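**Q** Same order as they appear, the protein sequences are chains A and B.
Going letter by letter, the first sequence gives residues 217 to 623 in the numbering used here.
Going letter by letter, the second sequence gives residues 217 to 623 in the numbering used here.
Just so you know, the hints here were simulated from the structure itself, not pulled from any lab data.
Hints are supplied without guarantee of correctness; some may be wrong.
[To be verified] Per the computed footprint, the stretches of chain B lying under chain A, defined by three or more beta-carbons under 8 Å from a beta-carbon of chain A, are:
{"hint": "1", "segment": "281-288"}
{"hint": "2", "segment": "293-301"}
{"hint": "3", "segment": "310-321"}
{"hint": "4", "segment": "429-442"}
[Stated by the list, open to error] Label pairs and their calculated CB-CB ranges:
{"hint": "5", "chain 1": "A", "residue 1": "R338", "chain 2": "B", "residue 2": "N276", "range": "24 to 34 Å"}
{"hint": "6", "chain 1": "B", "residue 1": "S445", "chain 2": "A", "residue 2": "Q531", "range": "48 to 58 Å"}
{"hint": "7", "chain 1": "A", "residue 1": "E343", "chain 2": "B", "residue 2": "D408", "range": "54 to 64 Å"}
{"hint": "8", "chain 1": "A", "residue 1": "R399", "chain 2": "B", "residue 2": "T321", "range": "50 to 60 Å"}
{"hint": "9", "chain 1": "B", "residue 1": "I323", "chain 2": "A", "residue 2": "N381", "range": "34 to 44 Å"}
{"hint": "10", "chain 1": "B", "residue 1": "D331", "chain 2": "A", "residue 2": "N381", "range": "35 to 45 Å"}
{"hint": "11", "chain 1": "B", "residue 1": "N276", "chain 2": "A", "residue 2": "I451", "range": "29 to 39 Å"}
{"hint": "12", "chain 1": "B", "residue 1": "I323", "chain 2": "A", "residue 2": "F447", "range": "34 to 44 Å"}
{"hint": "13", "chain 1": "A", "residue 1": "T475", "chain 2": "B", "residue 2": "S445", "range": "50 to 60 Å"}
{"hint": "14", "chain 1": "B", "residue 1": "D389", "chain 2": "A", "residue 2": "D261", "range": "52 to 62 Å"}
{"hint": "15", "chain 1": "B", "residue 1": "I323", "chain 2": "A", "residue 2": "R338", "range": "18 to 28 Å"}
{"hint": "16", "chain 1": "B", "residue 1": "K244", "chain 2": "A", "residue 2": "P279", "range": "21 to 31 Å"}
{"hint": "17", "chain 1": "B", "residue 1": "S307", "chain 2": "A", "residue 2": "S546", "range": "48 to 58 Å"}
[Claimed, not checked] Calculated pairs, DSS-like style, for lysine-lysine (alpha carbon to alpha carbon, straight line, at most 30 Å):
{"hint": "18", "chain 1": "B", "residue 1": "K336", "chain 2": "A", "residue 2": "K319"}
{"hint": "19", "chain 1": "B", "residue 1": "K336", "chain 2": "A", "residue 2": "K271"}
{"hint": "20", "chain 1": "B", "residue 1": "K271", "chain 2": "A", "residue 2": "K241"}
{"hint": "21", "chain 1": "A", "residue 1": "K574", "chain 2": "A", "residue 2": "K607"}
{"hint": "22", "chain 1": "B", "residue 1": "K330", "chain 2": "A", "residue 2": "K336"}
Note that the structure is predicted; figures quoted are calculated from it, not measured.
By construction, the Cβ of each residue, glycine as well, lies at the ideal position given by its N, Cα and C atoms.
There are 2 protein chains.
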Amino acid sequence: MEIVVQKYGGSSVATTDKIKKVAEKVIKKKEEGYHVVVILSAMGDTTDTLISLAKDITDNPSPREMDMLLTTGEQVSIALLSMALNAKGYSAVSFTGSQLNIKTTSIHQKARIKDIDVLKLRKALKEDKIVVVAGFQGVTEDNEYTTLGRGGSDTSAVALAAKLNAKCEIYTDVDGIYTMDPRKLPRARKIDRICYEEMMEIASLGAGVIHYRAVELGHKYQIPIYIGSTFSDNIGTIITNRGGDSMEETVITGMASSTDDIQVTLLNLTSSTESLYKLFGELAAGEANVDMISQMLTEDNKMHVSFTIPKTDVQLAKEILNKWKEEDESIQWEVNTDIAKISVVGLGMRSHSGVAAKVFQLMAENDIEIKMITTSEIKITWVVDIKDELKAIQLIGKEFGLEEPAE
Amino acid sequence: MEIVVQKYGGSSVATTDKIKKVAEKVIKKKEEGYHVVVILSAMGDTTDTLISLAKDITDNPSPREMDMLLTTGEQVSIALLSMALNAKGYSAVSFTGSQLNIKTTSIHQKARIKDIDVLKLRKALKEDKIVVVAGFQGVTEDNEYTTLGRGGSDTSAVALAAKLNAKCEIYTDVDGIYTMDPRKLPRARKIDRICYEEMMEIASLGAGVIHYRAVELGHKYQIPIYIGSTFSDNIGTIITNRGGDSMEETVITGMASSTDDIQVTLLNLTSSTESLYKLFGELAAGEANVDMISQMLTEDNKMHVSFTIPKTDVQLAKEILNKWKEEDESIQWEVNTDIAKISVVGLGMRSHSGVAAKVFQLMAENDIEIKMITTSEIKITWVVDIKDELKAIQLIGKEFGLEEPAE
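Pulled out of the complex, with its shape left as it was, chain A reads as follows:
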């Protein structure tokens, strides 16, 4: 009998009524003839409540004790879902990460799954039970409780699906992945199929739906991941090994835009690889998360470098740059905070050249200045002034068919 791993997020199990609805959805799958393994997150804002209890005690709780605290959240939801399944006449059994021997590294709060001993789980499935597993958690070799960090439950689900050679379904409160955040492109289209590489290139496409790490794991073990809505029967999105399977592939699958970064430009650096190494080395040492980088040489053998970093890292960047300026007064630098960073991604770009050219053309025709651009095989990212953000998004959305067809 085929196995399906279903994961339900915190908002899907936020109340006992919602847990009962999840039970119905699980039972439906079971009745379709599958063995069902369910991975749950903690109910609603339980995790936040637990964190605030810890903050009441100390500003600096030990990561080990935080994990001891936080792992209770999923344990509550798995017990309740098992009860709900039992109450509807289905045999179900819940397991914590410790009970299932979900072995992780020993870095508390940021553990990574090493292996899962699925013996106990397979035994329960053989007894025709629905198995309900606490997501987000595991244990070290010494049976110390660990959590997997952000997106942990998604990762648990994909890892279990890989171990069980099962289908993987992630249920949440949206009904799939969209070509673009509908707050910025109101008629954004739901994507039927998207490939792992595309999802990984624009992690924000899955923001709040599935975590990057889970997609990465799905890619590694070639597990197709279905994303759908817990409380509707709309068809969702499948993340798999390749994009849309129509003969004529879409060139662009999705788009993202962020106004959370700033652009830093340095003029007149001494042109050497060493100085670049030094600059980005110091930024990395300070854990500033540099994203786009572009550089060019000037006639007098100096270098201009421009890069983007998150707004939260701006203070750090300024300190590093001021120190440099003290050493070499010829260096000038400026910061632009009013930028938007727009990205498009599409496996189709590999075979369709000229996407970058099309972007240049669209922006130029509409008087939008491109302040910086970087390209990869399946992704183009460029920076525009924040005032031009929505206009640029609309132009791209229309040109590359990212919106619902007009009725």
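Since the structure of chain A is already known, use the hints to place chain B on it.
**A** Just chain B now, kept in the frame of chain A:
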């Protein structure tokens, strides 16, 4: 270094502020030069909140899943106390029942401790850590989570103390065991020392302070149990192998009274052991909790039997008795619901005969009818009309010195 096991109940850890105060108390003990092991209950009414979540799901949750749910309560409090201890600069580590391998029978919700593997715990103490343990919980051989039922955390504490050959201290929101419930004897005296047998004979003396099972375990392994207040430094009560250690032992150590029972009297039973066996057998089969029993033979070889049962079992008793009456119309029975059941207990009774006589005398002199009486070596229990309850308590309290001395 000597080990102390301290147990703090739910009301002692009801808020994060209270948990910080508990941390101070634990540290004080540590600073006195002890290794400290702390057993905690769940915070305040957490357990009730979890139970009501389960009730929202189903009226009849599986005991296994209830244990999965309830064991999260203590896990939260141990994590928070460890954080509080760490924050004050003390090395502390928390363990669940599963992590400490507190092996129990496999009867969920009513498990009994079989053994505790204290290897991990001793290792942590050796590293000079304060060890914080989740009370009330354990695991089966298959690592299924279990709970110990009512009074479970007390039992965990005494069991650990026995395994570690440690002192045992139970902290709660009262400062010891009193000679009598102060709501009924306002000037009831705090008892300095009481022996296990006395506590076990009148379980209600420790009601809300320490559970019967824990006292039983303390007795079995000869672990003295200290009962004190979490938030005051008043001297509490020690439960140990013998009562007060003054040369002249008090005759009566404590008193209890209950109005939760009814008295059933059957007249004209056919006098045979078989009929008694049948009567109490049927009551037991219905799980009616018969307490006192007295019988007498009449001249015509019939038997009168009188017994007490909890009010909650009265319907059940009536059904059984009515069936009997159908079979033998000569049987008459009556129920008296307006009774109080008063007990006195004292190791001193063994050597001081005449306590029963004194009770008879006091009641007679004050026109209080004794409706039934049973005696054991260290306990006398008698039934009076409910209207006479407080008067009888005052008379006994005064006669046997159960009140604070007048100032």
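**Q** A separate judgement is required for each hint: does it hold in the structure or not?
**A** Verification of the supplied hints:
no. : hint                           : in the structure
1   : 281-288                        : holds (count 6)
2   : 293-301                        : holds (count 6)
3   : 310-321                        : holds (count 4)
4   : 429-442                        : violated (count 0)
5   : R338(A) to N276(B): 24 to 34 Å : holds (29 Å)
6   : S445(B) to Q531(A): 48 to 58 Å : holds (51 Å)
7   : E343(A) to D408(B): 54 to 64 Å : holds (56 Å)
8   : R399(A) to T321(B): 50 to 60 Å : holds (57 Å)
9   : I323(B) to N381(A): 34 to 44 Å : holds (37 Å)
10  : D331(B) to N381(A): 35 to 45 Å : holds (39 Å)
11  : N276(B) to I451(A): 29 to 39 Å : holds (37 Å)
12  : I323(B) to F447(A): 34 to 44 Å : holds (38 Å)
13  : T475(A) to S445(B): 50 to 60 Å : holds (58 Å)
14  : D389(B) to D261(A): 52 to 62 Å : violated (31 Å)
15  : I323(B) to R338(A): 18 to 28 Å : holds (27 Å)
16  : K244(B) to P279(A): 21 to 31 Å : holds (27 Å)
17  : S307(B) to S546(A): 48 to 58 Å : holds (53 Å)
18  : K336(B) to K319(A)             : holds (19 Å)
19  : K336(B) to K271(A)             : holds (28 Å)
20  : K271(B) to K241(A)             : holds (21 Å)
21  : K574(A) to K607(A)             : holds (15 Å)
22  : K330(B) to K336(A)             : holds (24 Å)
The structure does not agree with the numbered hints 4 and 14 stated previously, though it agrees with the rest.
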